[in-house]
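Peer 1: Sequence:
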Amino acid sequence: MMEHSRTICNLVLLKFLHGFILLVLCMMSTCPESAAFPSSTLLGNESDRLALLDFKKRVTEDPLSVMSSRNHSVHFCSWVGITCHRATQRVLILDLQDKQLVGSIPPSIGNLTRLIEIRLGINKFHGEIPQELGRLRTSESLNLSFNSFGGKLPTNMSHCTQLRFLDLLSNKIIGSIPRQLSSLLSLTTLKLVGNNLSGTIPGWIGNFSSLTGLALGRNNFQGSIPNELGRITTLQIFLVGDNNLSGMLPSSIYNISSIYSFGVHINQLHGELPPNLGIMLPNLVLFLCDINNFTGNIPVSLSNASRLQRTDFSTNGFTGTVPGESLGSLRSLISLNFGENRLGNGKLGDLSFLNFLTNCTSLKKLGLGYNHFGGEIPRSIANLSTQLQTLYLGVNLLHGSLPNGIGNLINLADLDMTDNHLAGVVPEEIGKLEKMKRLALSANKFSGPNPSSLGNITSLTELYMGGNSFEGSIPPSLGNCQNLLKLLLNNNNLTGSIPKKLMELSTLSGLLDLSGNYLTGSLPSEVGDLVHLTVLNVSNNKESGEIPSTIGRCTSLGGLYLDDNKFEGTIPQSLKDLKGLEELNISSNNLSGQIPEFIGKLGALKYLNLSHNDFEGELPKEGIFSNVSGVSVLGNHRLCGGIPELHQPTCPKNKHHSSRGLLSPKVVIPISCALAFIIALSCFFGARSMLKKSRDGLVTSRSYKDWKLGVSYSQLVESTNGFSVDNLIGSGSFGSVLRG
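Going left to right, the sequence shown walks through residues -36 to -1, 1 to 704 as mature numbering (1 follows the signal peptide of the UniProt record, and there is no 0) numbers them.
Among these hints, one or two may not hold up.
To be verified - In silico DSSO-like cross-links for lysine-lysine, where the CA-CA straight-line distance does not exceed 27 Å:
| no. | residue 1 | residue 2 |
| --- | --- | --- |
| 1 | 530 | 450 |
| 2 | 565 | 543 |
| 3 | 570 | 585 |
| 4 | 450 | 399 |
| 5 | 63 | 88 |
| 6 | 585 | 565 |
| 7 | 155 | 116 |
| 8 | 465 | 401 |
| 9 | 464 | 399 |
| 10 | 465 | 450 |
| 11 | 20 | 136 |
| 12 | 136 | 88 |
As the list claims (entries may be wrong) - Distance ranges between label pairs, derived from CB positions:
| no. | residue 1 | residue 2 | range |
| --- | --- | --- | --- |
| 13 | 571 | 32 | 52 to 60 Å |
| 14 | 236 | 598 | 55 to 63 Å |
| 15 | 232 | 115 | 24 to 32 Å |
Don't read these hints as lab results, they were simulated from the structure. For every residue, glycine included, the Cβ atom is placed at its ideal position computed from N, Cα and C.
Kindly produce the complete structure, drawing on both the sequences and the hints.
Peer 2: Right, here's the structure in full:
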């Protein structure tokens, strides 16, 4: 019986021990690290908490109140932007990206020793990146992009050997890439774009065998591109554009067939591109080599890079023809720019490649300007992608007319054909391009009227039609273009008056140039509605009448050119309100009167031309009038004075201050009338007296003195009773009057 009892007790004890062990194991698996490792974990948690609170202190602006959750009532693992390890409660991720925070990173961030990711991009952090980041040896990702961090790259980051992603894009970091960072062999992405880094691109980057993205653009790197970079066979993104790099592209780079994004633009690189470029880099999606010194032909093999979407060869020295058939097979092509090269031969057929580009149904941008393309624009241009938004053909040797069918390009927003030899009439169908924002047809030989259908393009912001032979009047329909900022119709054969509706386009904020035409009539008073206009040029026309005083409301004007017209009258006083005016030319008109003193007080004025008018009086000496190189008053023969360098005659001394000291008309006119009345009255009484004397038969033999008086001295004595005071009528400052 006792043996049986012992057995039962042992069983109960075993079950108890088993349950206890299970309980302990359960607690170890679910409780925080402090339960299993009380000393180290408690210290780690506290250091994390203090580091996060210190970070909060360094934030000086927090418009979204992101940091308000950081208080003692809530565990730091629940704070906004904090992710902790579930078991250890140590901080793993610090994510405050795009929170509009302003401040700096404290050195105590190095105490967050279990951090794996730091995401502080798109804020306004400043100061230097602390060296203490080097203590984060388990960190795999650091994103500080789009801030204002300065100083040099911290060398202690070399200890972060687990780092895979480093993004410092768009900051203000200076200096060179330190040699110490060569230890970051785990890097897959290195983005240093948009800083002020200098020196050379280190060749040891070629040891980063896992690197897929290398972006070093928009810095001040110089020297050549290291040949060692060709060892990074995993590279997919290679962007080193917008630096001061020179030399030739290393051939080893072309061996990295995995590259799909290739950018070496805006440098000083030279040499020729390999003919088999498209074969060596078959995965290209982006290829940018613009603004360098490359020469030779455009590689025909580009057709092999069938995924190519955007390519820019502009501003180099490429010659020869455009491989149209090759490019026509690139069905994914979105943007193609060959501008500013020496392509074409100035002959017929230079643009025949456009026939093949009609296959590129996704094409949105086509740049062919500033080359040697000749011949006519092929009709196939009307069959280009209806998605086309930008078409540049300016500054070439093209002739012929603007093809019909141009209205098919319904999404065209920017059309530039300036400086060619295009002629004929601009078709009315151009008004179908209702999404057009910029239309540039200047410096050609277009004739006929300006299409009235231009008024249908209400989205138009810039219209350049100058330097042609357009005739007729300015279409009033242009007043419908309520988004117009710049309008140039200069140097044509336009006639008629300036439409008032055009002057009501208050959106005009750049340049309004109507110069070099045959426009007549007066400048509409509605010109005062152009309150945002910076330059107004109506020179070299036949405008007449007075300069409207309303022009003083155009307070944004920096340049006002009314020269070579028939304006008359005086300079309106309202021009004194043009405080920002830098250039004023009203020469070769029929203006008169005095030169207002306020012109010398226009502080921004740097150029003033008043020549060949009929101004009079003394020239001011202050402001622009003290700068002989900035003022011209030639051909105003009634001007005087001014600084000696202007070589004007001296003003007469009896006309001190010239006509500026004369009485105003309000005073002169009454005085003149009074004098005229007195003279007339004197003449009347004089004539009457002489008539009476002739009737009385006065003798003519008396002395000259008596004749002047009209009566003898003895007669005066007798009639006034010896000049007695009894005969005194009155006295004044000029004498007394006696009764006789």
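Peer 1: What are the numbers of the hints the structure violates, in ascending order?
Peer 2: none
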